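*Asks:* Below are the chains, spelled out letter by letter.
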Amino acid sequence: AQKVTQAQTEISVVEKEDVTLDCVYETRDTTYYLFWYKQPPSGELVFLIRRNSFDEQNEISGRYSWNFQKSTSSFNFTITASQVVDSAVYFCALSPASGNTGKLIFGQGTTLQVKP
Amino acid sequence: GAGVSQSPRYKVAKRGQDVALRCDPISGHVSLFWYQQALGQGPEFLTYFQNEAQLDKSGLPSDRFFAERPEGSVSTLKIQRTQQEDSAVYLCASSPGTKRYEQYFGPGTRLTVT
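Protein chains in written order, with the numbering used here: chain A, 6 to 121; chain B, 48 to 161.
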């Protein structure tokens, strides 16, 4: 089965705090792609990052960083020094390499609220 | 425009009516996806086109749902005899390729069936 679990439904932090959003996935494919998307109140999903299953190197982009651990099937996302503008719903998604579509399998999402 | 556009943004339909939702993908994008997002949930895959070919429709919930992309650009998702459980946001995404490419999403069409 292909599945993505985001166990944290809602997280509330105060501005400038660091916050980590958890993502655990299940797949039998040896090749797959993992994504994070942000959905602000406007509703449009915004692409944040893509990783393939062969690249476990962690990535940092400004205040954002991602920790990919194949051994635990996790792809966690950390926001450092959070800002009010980071308030949104964040989705982790899996795209198995098998099949011919590249469809995304999304988690349930984590709602992040950053308070001033 | 540079992004994916969808119309209408909001649609209210009475139960039993047919609706048609339009998606204009980013120019030149080969792949087009439709997803359904229920309130408080993650998007769920409905169907996929590569150019004009519908290669995967495994996510369509019933035969009341039909999608087309006749010329490999604009796509229409049609729902016949709408039911209350069809109420959701319908998202369209396009991509320059498949699998390893990120998908670019439109703003969605919020369908409310009364």
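Watch out, some of these pointers could steer you wrong.
What the hints assert, rightly or not - No more than 27 angstroms apart at the CA atoms, straight line, and that leaves these computed lysine-lysine pairs for DSSO-like:
no.: 1; chain 1: A; residue 1: Lys43; chain 2: A; residue 2: Lys21
no.: 2; chain 1: A; residue 1: Lys8; chain 2: B; residue 2: Lys104
no.: 3; chain 1: A; residue 1: Lys8; chain 2: A; residue 2: Lys120
no.: 4; chain 1: B; residue 1: Lys125; chain 2: B; residue 2: Lys58
no.: 5; chain 1: A; residue 1: Lys120; chain 2: A; residue 2: Lys75
no.: 6; chain 1: A; residue 1: Lys43; chain 2: B; residue 2: Lys58
no.: 7; chain 1: B; residue 1: Lys104; chain 2: B; residue 2: Lys58
no.: 8; chain 1: B; residue 1: Lys104; chain 2: A; residue 2: Lys43
no.: 9; chain 1: B; residue 1: Lys61; chain 2: B; residue 2: Lys125
Quick caveat, the hints were computed from the structure, so don't treat them as lab data.
Quick caveat: nothing in here was measured; it's all calculated off a predicted structure.
*Asks:* Each of the hints needs a verdict: does it hold here or not?
*Replies:* Status of the hints after comparison with the structure:
1. Lys43/A with Lys21/A: 19 angstroms, holds
2. Lys8/A with Lys104/B: Since the Cα atoms of lysine 8/A and lysine 104/B sit roughly 19 angstroms apart, the hinted pair holds (cutoff 27 angstroms).
3. Lys8/A with Lys120/A: Violated, because 31 angstroms separates the two Cα atoms, which is more than 27 angstroms.
4. Lys125/B with Lys58/B: Holds, because 13 angstroms separates the two Cα atoms, which is no more than 27 angstroms.
5. Lys120/A with Lys75/A: 33 angstroms, violated
6. Lys43/A with Lys58/B: 24 angstroms, holds
7. Lys104/B with Lys58/B: Given pair lysine 104/B, lysine 58/B holds - Cα atoms ~23 angstroms apart, limit 27 angstroms.
8. Lys104/B with Lys43/A: Roughly 26 angstroms separates the two Cα atoms, so the pair holds.
9. Lys61/B with Lys125/B: 15 angstroms, holds
Hints 3 and 5 from the list above are not met by this structure, while the remaining hints are.
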